[in-house]
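Participant: Read off the chains here:
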Amino acid sequence: MSKTRFFDEMNGYGETTRALYAGVADWLKKTPADILATRRAQAELMFRRIGITFAVYGGNDDTERLIPFDIIPRIVSQSEWSALEIGLVQRVNALNMFLSDIYGAREILKAGVLPPDIIYRNAYFRPEMAGRRVPHDVWVHIAGIDLVRTGEGEFFVLEDNARTPSGVSYMLENREVMMRLMPDLFSAYRIAPVDNYADALLAALRSVAPTAARGEPTVVLLTPGQYNSAYYEHSFLADRLGIELVEGHDLSVREEVVYMKTTQGPKRVDVIYRRVDDDWIDPLSFNPDSALGVPGLMNAYYAGNVTITNAVGTGVADDKAIYSYMPEIVKFYTGQEAKLGNVQTWRCREPDAYKYVREHLDELVVKEVNGSGGYGMLVGPHATRADIDEFAKRLDADPANYIAQPTLALSTCPAFVDDSIAPRHVDLRPFVLTGANGVHVVPGGLTRVAMRAGSLVVNSSQGGGTKDTWIIEDTNSNEGA
Amino acid sequence: MLARTAENLYWLARYIERADFTARIIEVTARLAALPQNYRRSGGEWESALAAVGALNSFKASFSEATESNVVFFLTFDEANPSSIRRCLEQARINARTIRTALTAEMWQSINAGWLELKAMEEKRRGGEYSGADSIQPFLEFVKAVSLDFDGSSYRTMLRNDAYWFNRIGLYCERADNTARLMDVKYNVLLPKTEEVGGSLDYFQWTAILRAVSAQTAYHWVYRESVKPWLIADLLILRKEMPRSLAYCYDGLTRFLDSLGKAYGKQGLAQRHARNILRRIDSASMESIFQQGLHEFVTKFIEDNNRLGALIAEQYLHH
Numbered sequence: 364m365s366k367t368r369f370f371d372e373m374n375g376y377g378e379t380t381r382a383l384y385a386g387v388a389d390w391l392k393k394t395p396a397d398i399l400a401t402r403r404a405q406a407e408l409m410f411r412r413i414g415i416t417f418a419v420y421g422g423n424d425d426t427e428r429l430i431p432f433d434i435i436p437r438i439v440s441q442s443e444w445s446a447l448e449i450g451l452v453q454r455v456n457a458l459n460m461f462l463s464d465i466y467g468a469r470e471i472l473k474a475g476v477l478p479p480d481i482i483y484r485n486a487y488f489r490p491e492m493a494g495r496r497v498p499h500d501v502w503v504h505i506a507g508i509d510l511v512r513t514g515e516g517e518f519f520v521l522e523d524n525a526r527t528p529s530g531v532s533y534m535l536e537n538r539e540v541m542m543r544l545m546p547d548l549f550s551a552y553r554i555a556p557v558d559n560y561a562d563a564l565l566a567a568l569r570s571v572a573p574t575a576a577r578g579e580p581t582v583v584l585l586t587p588g589q590y591n592s593a594y595y596e597h598s599f600l601a602d603r604l605g606i607e608l609v610e611g612h613d614l615s616v617r618e619e620v621v622y623m624k625t626t627q628g629p630k631r632v633d634v635i636y637r638r639v640d641d642d643w644i645d646p647l648s649f650n651p652d653s654a655l656g657v658p659g660l661m662n663a664y665y666a667g668n669v670t671i672t673n674a675v676g677t678g679v680a681d682d683k684a685i686y687s688y689m690p691e692i693v694k695f696y697t698g699q700e701a702k703l704g705n706v707q708t709w710r711c712r713e714p715d716a717y718k719y720v721r722e723h724l725d726e727l728v729v730k731e732v733n734g735s736g737g738y739g740m741l742v743g744p745h746a747t748r749a750d751i752d753e754f755a756k757r758l759d760a761d762p763a764n765y766i767a768q769p770t771l772a773l774s775t776c777p778a779f780v781d782d783s784i785a786p787r788h789v790d791l792r793p794f795v796l797t798g799a800n801g802v803h804v805v806p807g808g809l810t811r812v813a814m815r816a817g818s819l820v821v822n823s824s825q826g827g828g829t830k831d832t833w834i835i836e837d838t839n840s841n842e843g844a
Numbered sequence: 336m337l338a339r340t341a342e343n344l345y346w347l348a349r350y351i352e353r354a355d356f357t358a359r360i361i362e363v364t365a366r367l368a369a370l371p372q373n374y375r376r377s378g379g380e381w382e383s384a385l386a387a388v389g390a391l392n393s394f395k396a397s398f399s400e401a402t403e404s405n406v407v408f409f410l411t412f413d414e415a416n417p418s419s420i421r422r423c424l425e426q427a428r429i430n431a432r433t434i435r436t437a438l439t440a441e442m443w444q445s446i447n448a449g450w451l452e453l454k455a456m457e458e459k460r461r462g463g464e465y466s467g468a469d470s471i472q473p474f475l476e477f478v479k480a481v482s483l484d485f486d487g488s489s490y491r492t493m494l495r496n497d498a499y500w501f502n503r504i505g506l507y508c509e510r511a512d513n514t515a516r517l518m519d520v521k522y523n524v525l526l527p528k529t530e531e532v533g534g535s536l537d538y539f540q541w542t543a544i545l546r547a548v549s550a551q552t553a554y555h556w557v558y559r560e561s562v563k564p565w566l567i568a569d570l571l572i573l574r575k576e577m578p579r580s581l582a583y584c585y586d587g588l589t590r591f592l593d594s595l596g597k598a599y600g601k602q603g604l605a606q607r608h609a610r611n612i613l614r615r616i617d618s619a620s621m622e623s624i625f626q627q628g629l630h631e632f633v634t635k636f637i638e639d640n641n642r643l644g645a646l647i648a649e650q651y652l653h654h
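Heads up: the sequence lines are chains A and B, in that order.
Per this note's numbering, the very first residue in the first sequence carries number 364; after that it's consecutive.
Per this note's numbering, the very first residue in the second sequence carries number 336; after that it's consecutive.
It should be emphasised that the hints constitute simulated quantities derived from the structure, not laboratory data.
All residues carry an ideal CB built from backbone N, CA and C; glycine is no exception.
One or more hints might be untrue.
To be verified - Some chain A residues near chain B, calculated using beta-carbon distances under 8 angstroms:
(1) E539
(2) R543
(3) L604
(4) L608
(5) P629
To be verified - Lysine-lysine pairs mimicking DSS-like chemistry, simulated, CA-CA at most 30 angstroms apart:
(6) A:K630 <-> B:K597
(7) B:K575 <-> B:K563
(8) A:K473 <-> A:K624
(9) A:K630 <-> B:K563
(10) B:K575 <-> A:K393
(11) B:K601 <-> B:K635
(12) B:K395 <-> B:K597
(13) B:K479 <-> A:K624
(14) B:K563 <-> B:K597
(15) A:K393 <-> B:K601
(16) B:K563 <-> B:K601
(17) B:K563 <-> B:K479
(18) A:K392 <-> B:K459
(19) B:K597 <-> B:K575
(20) A:K694 <-> A:K718
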């Protein structure tokens, strides 16, 4: 093997197979490419039959696409995972304390840790929530924290998804499909199960029901409907949780109480797991054109008669400008250094940083502070001159709207592409649940993989694929380093 | 109807249901056995699979160790095990051929096609082509599909007369036995001793029980809360909306036995016994069952259910 520039999940820097992957290496060696191709085709058929499709906005021909699934798993050892878990719990606790604070006493602004306009200028800051508390002070009930790895034991947070993170259905269904299709590979490993996620999620949602809820709380999942890109996931989760999948017009508000329309008349709703963004949730409070929302929902929410998860206003913590302050935010609220580091970030709002970014556009990744899904970003090393010039104009018009990061040496993992095995860049999104009884991370997550050679963009809207992610006991490996 | 025809119809349904249950048990056991050590109790998953299908003693007569490969072979292709899936399908086909004219074309074809496919798989296995962990999952899927096909064909194409009633009586009698055995093996993890949720070592045991009866989602729809062992017991014993519960099976059994009684103008001990069991289930609550002891309740149920089988045989099948 020749030495590689990027850390590879299976082969390190190319000198030797990491012990964790011995079973995979062995399996790949004895499985011919045509069998792998058959397995991949079977997996795709299973995904089609299950109905895990994804709608791409702006796509005109094939509106229901399959996210590419790679059959080679990504493996993380239990000890690596335990360290990540501690960092994730700390980070999500800090996010919740941060939200309680900026919608409350704003101590962090008083202490001068953050420039105030970074909050007030933020499009996702909800002044309506100022001075309000949410049950158990939990704002972000479900967080998807995007991690990247750059080397042995080196993980960094790339993004905090604190609004309505998606992808957990892939974490669960990828595992089911792998168990069915690759029992031979499974028998070489002991893998931490993920199928208790739905139970953990339901427990977290029930735990934050308003105190006004009588008896067993009624939880529903609010979806924008079947044309939403993540609709499969909404229906999948509602089914696993045994809760109703509702659309805006299934709900109504009377005297500040939310009801769903049932065959037996109105039924009171206590907790809404919404997969609709703040802007669309209540036409009376936010976007008046929204047909997806529930008129009067916010009044019921303010009255404490319904819990909305994630809380309204969490988008402010999801912002990439805030992200750059996360190490300070973690320190401020927990009194400890952040256990999970950030990727180096230049805030273009700061003149020196702006100047640096402007001069190094061809080397950097530049992102809008509240963009998502891989839209509105520039990947310098892969962009044409014209792309860069075009992007520079937008940047100059509003520098504070952008941050920049170095193009990371994202780790790769072997993937089966076309008819051979080749390294592709990956990230990892674990899902972190917070309820009245604390923070819980199901051991696993969604590994996203950039299916094009050399590409660093893993978003499914940009052609990224997924892999099953295995957390395995260290006894399977005798990795020294 | 010939007593012999009725007997074949009844056993045919039982064998197919048993094959289906065995396939399900292998599936969930493989899943449990693959969990990391800190997610399960001290092993013994495969012994408990054998116990759940009532084959522990016969297994011990021919194997010394309950390894995954031994147990899976014993329960799937082993010709020496009278309740292996292979033997169940073989016996079902023999029964079906014996009474070919009492079956609809669809029913016969589902059994016959299933048997031919199984023989083809067995040939490949002997040739070394179809073996190892890889082949088991597709095989189990196949077995479940055969049972779905047979059950659906019976439901859709049979006349609603005594032939259909014997088919259903066989099905529900076997299913009640299977559900009860599953609980009997797992009763120790179903006791309401702790309130802890999620963190319990038994969590994956509980969900395995639900998986075995395809009720993971059903559970959440019925109870709308996280998995609790006493609610699993409630679902599998008392809930009439659950198609594998003891209550549902006995609803079916009393109904179809009554249909027989009416059509033949004569009620007998089987009808009376089935109604007694149903009455006992209907008047029970989980509190009363746990007070009596879940194990005791289930053991008594299995005995009663066997007794019903014997009474049906006496009354209708062995004149």
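Participant: Quick one: which hint numbers does this structure break? Sort them smallest to largest.
Facilitator: 1, 4, 5, 6, 8, 10, 12, 13, 14, 15 and 16
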